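Protein chains: 2
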Amino acid sequence: VVENTPETPRTEEEQAPQAEDLLGLSPEVVRRIADALDAGDAAVVDKAIEDLHYAEFANLIEQLSDEQRDRLIDRMRPRFDPDVLPELDDSVRNEVVERLGTATVARAIAGMDSDDALYVIDRLDEPLQRDILAAIPKALRDMHEEHVAFPEDSAGRLMQRDFVAVPTFWTVGQTIEFMRETSALPYEFYVIFVVDPRHRPVGTVSLSRVLRHRRPIQISTLMEQNPITVPATMDQEEVAYIFRQQDLVSAPVVDAGGRLIGVITIDDVVDVIDEEAGEDLLNLGGVREDDLYSTVVETIRTRFPWLSINLCSAFLSAFVISLFEGTIAKIVVLAALMPIVASMGGNAGVQSVTVTVRALAMKELTFANARRNLSKAIVVGVLNGLIFATVIGSVAWAWSGRFDVGLVIASAVVGTLIFATVLGTAIPILLTRLGADPAVASGPTLTTMTDSIAFLTFLGLATLFLL
Amino acid sequence: VVENTPETPRTEEEQAPQAEDLLGLSPEVVRRIADALDAGDAAVVDKAIEDLHYAEFANLIEQLSDEQRDRLIDRMRPRFDPDVLPELDDSVRNEVVERLGTATVARAIAGMDSDDALYVIDRLDEPLQRDILAAIPKALRDMHEEHVAFPEDSAGRLMQRDFVAVPTFWTVGQTIEFMRETSALPYEFYVIFVVDPRHRPVGTVSLSRVLRHRRPIQISTLMEQNPITVPATMDQEEVAYIFRQQDLVSAPVVDAGGRLIGVITIDDVVDVIDEEAGEDLLNLGGVREDDLYSTVVETIRTRFPWLSINLCSAFLSAFVISLFEGTIAKIVVLAALMPIVASMGGNAGVQSVTVTVRALAMKELTFANARRNLSKAIVVGVLNGLIFATVIGSVAWAWSGRFDVGLVIASAVVGTLIFATVLGTAIPILLTRLGADPAVASGPTLTTMTDSIAFLTFLGLATLFLL
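For the record, the sequence lines run as chains A and B. If you read the first sequence in the working numbering, its first letter stands for residue 5, the second for the next number, and so on. If you read the second sequence in the working numbering, its first letter stands for residue 5, the second for the next number, and so on.
Calculated from the structure, these hints are not laboratory results. Quick caveat: nothing in here was measured; it's all calculated off a predicted structure. Beta carbons are placed, not taken as given, at the ideal position from N, Cα and C, and that holds for glycine. A hint or two may mislead.
What follows is a set of in silico ranges between Cβ atoms, one per label pair, in the way DEER data are often shown [to be verified]:
1. B:Asn230 - A:Arg219: 31 to 37 Å
2. B:Leu390 - A:Arg83: 42 to 48 Å
3. B:Leu137 - A:Asn230: 35 to 41 Å
4. A:Asp94 - B:Ala402: 22 to 28 Å
5. A:Arg83 - B:Asn230: 48 to 54 Å
6. B:Leu137 - A:Phe182: 47 to 53 Å
7. B:Asp129 - A:Asp94: 42 to 48 Å
8. A:Arg36 - B:Glu149: 52 to 58 Å
9. A:Leu327 - B:Arg79: 42 to 48 Å
10. A:Ser69 - B:Ala188: 51 to 57 Å
11. A:Gln178 - B:Ser118: 34 to 40 Å
12. B:Arg79 - A:Asn230: 22 to 28 Å
13. B:Ser118 - A:Leu320: 57 to 63 Å
Straight-line C-alpha distance at most 35 Å; calculated DSBU-like pairs for lysine-lysine [as the list claims (entries may be wrong)]:
14. B:Lys380 - A:Lys51
15. A:Lys380 - B:Lys380
16. B:Lys367 - B:Lys380
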């Protein structure tokens with residue numbers, strides 16, 4: 005008896021709830037709004053967008069064509085929701101800001117939380133940024149100046165400047181009264197920092213702990229001591245690593261003197277994780293940045309460097325092959341077989357690069373275990389090489405009718421796969437040691453080497469043993 | 005006068021604080037412990053590990069060799085910190101659990117937070133999992149049974165079952181008293197849920213809002229109404245998307261009847277984002293999963309499918325080339341030039357696939373804007389094609405001394421680059437529509453096509469016009 009088999013089988017796809025259904029911005033809704041914008045049907049547009057969350061509205065703007073976007077912005081200008089701006093993709097944001105106009109945007113930015121305002125200003129293109137900076141209140145302009153004094157992508161730029169810090173001798177009751185009476189608190193927060201007289205953080209107390217204890221209890225008895233503090237100059241990728249590693253929800257940011265100057269919370273870190281993971285993925289794929297919303301010219305520019313490097317590497321391969329033109333002219337089947345060796349080598353190399361880059365980003369791979377991973381790469385390369393060499397050698401033998409051709413290609417496959425697997429592991433590790441970003445530079449370095457080596461090995465062996 | 009130029013220039017690398025320095029598990033520390041384990045120097049080992057955070061200890065275990073790991077575990081068994089287990093990589097965890105023994109592990113799991121315990125049990129290999137399930141308390145075993153009733157990677161498996169829910173008519177004072185008097189609360193939490201008499205969530209109140217208001221105020225006046233609820237069957241990737249999209253810190257999980265059964269907080273979502281981004285990266289690189297800590301045999305198994313598919317695609321290319329052996333035999337320089345066309349096509353295709361897969365994962369690309377992106381892909385393909393065709397054609401002309409060879413390769417480059425760019429955009433979109441994971445299947449599908457098309461176009465044109 006087979007149980008658990010419903011009569012009408014349903015696929016997981018049909019059953020699983022999708023985020024779009026919940027959020028109300030399905031492709032159908034987007035298409036309806038786009039059509040209404042094309043038709044100039046203002047009533048339909050207004051009705052469709054009235055219930056959208058600001059993040060959905062940002063998503064909608066991104067998905068529209070340039071003309072539709074401009075029409076929508078013109079329509080929304082008088083009641084534009086400032087919260088939309090931080091949610092937009094960088095290149096779309098620049099267009100939206102330009103269309104909205106300096107006055108509207110400056111007003112919107114002045115009304116935002118300071119960290120959102122700085123984030124938006126930070127990411128505007130040069131002439132726009134200057135215009136906006138000139139139009140916002142002086143207080144915010146000064147804050148921006150302090151902000152850009154921190155290195156790009158540093159904890160100092162990521163942190164919020166509003167936080168609750170209390171002295172060690174306060175009680176739960178005093179702390180609660182302080183929070184009830186102070187208006188300049190962040191909108192939401194999860195921990196309170198306890199600081200010494202020199203304003204250095206000595207402990208953190210989660211709000212749930214404050215709430216669960218009686219008023220006379222001293223705050224310092226509830227706190228987690230010696231919190232991990234983040235220097236303001238630390239790179240955001242390192243900050244994200246610490247949050248993940250230590251399961252943190254928030255962390256105090258300190259200046260060079262160890263004084264508390266801000267707080268980073270996990271929701272800021274989510275964006276960083278997202279960004280960094282996306283960057284690694286795009287860089288490994290040979291793209292400098294997400295160019296989905298970029299213009300054609302920008303897209304070509306972001307993809308150009310990788311293609312150029314690849315072209316040089318392809319010319320090098322062509323040069324290697326040309327050295328053996330005599331051999332190919334005599335045994336033409338080599339021309340058909342040689343891409344097999346290069347292609348297998350390239351793919352085995354990319355696999356190793358991918359695993360190594362990810363492991364380096366996760367700090368699972370360090371110099372402490374690099375040697376062991378290289379040894380493993382050699383074994384994997386040898387075994388994979390032997391397996392695929394047998395298959396490829398047999399097929400080449402059957403195809404060409406020459407056993408020696410099969411033997412030559414099999415040997416070339418073993419050599420190339422070992423080489424590619426080891427190099428794919430070693431290159432990212434070496435690049436990291438040299439201070440380069442392994443996700444950016446590993447791919448080009450690897451491809452240049454594996455292709456040439458594959459052709460050199462195969463055609464070299466062929467010249468030695470087949471002529 | 006040049007200002008801001010310090011006398012001894014320092015690179016960013018030297019200045020930027022690194023997470024390892026802060027956390028105290030530098031490669032040097034790992035190496036020192038590894039050496040001490042090899043030498044059997046127990047005192048050094050004990051001293052070095054005594055201050056490690058559980059996450060650092062997990063990291064240390066991962067970086068050791070098998071023999072070192074076993075020695076360390078044997079030494080730590082009597083005082084093993086259960087919190088280490090959830091932090092370990094899956095394949096390392098299985099080894100550690102096996103070495104620790106069922107009794108020790110069952111005791112450790114029984115002492116964990118329920119969500120951590122379920123997470124660990126969930127990820128054990130089959131025979132181990134059965135042993136552990138038999139050895140843990142019945143209450144936890146029952147909880148595990150409920151847990152696995154939810155689909156894999158669903159919100160129901162991700163959620164915590166402990167949360168604070170209060171009725172709408174309670175006041176701030178009542179809520180605070182309740183939290184002070186109830187011991188069975190989660191260790192840390194950020195929001196309180198407000199539920200109706202049928203236990204359906206009607207609002208959320210952040211702890212900071214509770215703390216900032218006077219005791220007689222009714223909770224329902226402080227709450228954010230109509231919170232976004234997550235169905236327990238929703239896939240965790242969708243959950244992560246909603247959190248990012250709506251900037252959520254926590255969300256109530258509801259059953260089919262809309263009743264509150266758990267809560268997902270942003271720290272759970274961080275792990276999901278991390279996992280999903282890593283999966284996409286690895287899959288695009290042709291690896292099924294992170295195999296850094298896998299044995300050699302497992303590593304070969306995770307890399308085998310991609311290499312096999314690639315082999316079939318390489319054989320197809322070889323077959324295409326073999327159709328033109330006559331042409332190559334007459335103009336041998338074609339053999340040297342043809343990999344250039346294939347390589348440029350492959351890389352342009354991978355760039356498009358990468359951008360498209362990322363955009364699909366971020367839901368920036370949907371069917372609503374798919375057509376516009378395909379049009380852009382055509383334009384990018386044409387322009388990139390023309391640029392690189394000019395360079396490649398000129399070099400080929402100079403090299404071979406034949407203008408017609410330059411013209412043929414230039415035409416082939418334009419055709420292949422358009423084809424690859426469009427296909428690299430279309431394949432992931434189509435795979436998504438068909439319900440397949442674009443990160444897994446796009447690469448193989450693309451490579452198979454671009455290589456063959458490149459050789460076919462180039463050698464076909466050569467046969468037509470050069471002979």
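For each hint, the structure was consulted:
1. B:Asn230 - A:Arg219: 31 to 37 Å: holds, 34 Å
2. B:Leu390 - A:Arg83: 42 to 48 Å: holds, 45 Å
3. B:Leu137 - A:Asn230: 35 to 41 Å: holds, 38 Å
4. A:Asp94 - B:Ala402: 22 to 28 Å: Cβ of Asp94 (chain A) to Cβ of Ala402 (chain B): about 41 Å, so the range 22 to 28 Å is violated.
5. A:Arg83 - B:Asn230: 48 to 54 Å: violated, 22 Å
6. B:Leu137 - A:Phe182: 47 to 53 Å: holds, 49 Å
7. B:Asp129 - A:Asp94: 42 to 48 Å: The hint (42 to 48 Å, Cβ to Cβ) holds, given that Asp129 (chain B) and Asp94 (chain A) are roughly 44 Å apart.
8. A:Arg36 - B:Glu149: 52 to 58 Å: violated, 45 Å
9. A:Leu327 - B:Arg79: 42 to 48 Å: Given range 42 to 48 Å: violated, Cβ gap about 58 Å.
10. A:Ser69 - B:Ala188: 51 to 57 Å: holds, 55 Å
11. A:Gln178 - B:Ser118: 34 to 40 Å: holds, 35 Å
12. B:Arg79 - A:Asn230: 22 to 28 Å: holds, 26 Å
13. B:Ser118 - A:Leu320: 57 to 63 Å: holds, 58 Å
14. B:Lys380 - A:Lys51: Judged against 35 Å, a Cα distance of about 31 Å means the pair holds.
15. A:Lys380 - B:Lys380: It is violated: about 43 Å lies between the C-alpha atoms, which goes past 35 Å.
16. B:Lys367 - B:Lys380: holds, 18 Å
Hints 4, 5, 8, 9 and 15 from the list above are not met by this structure, while the remaining hints are.
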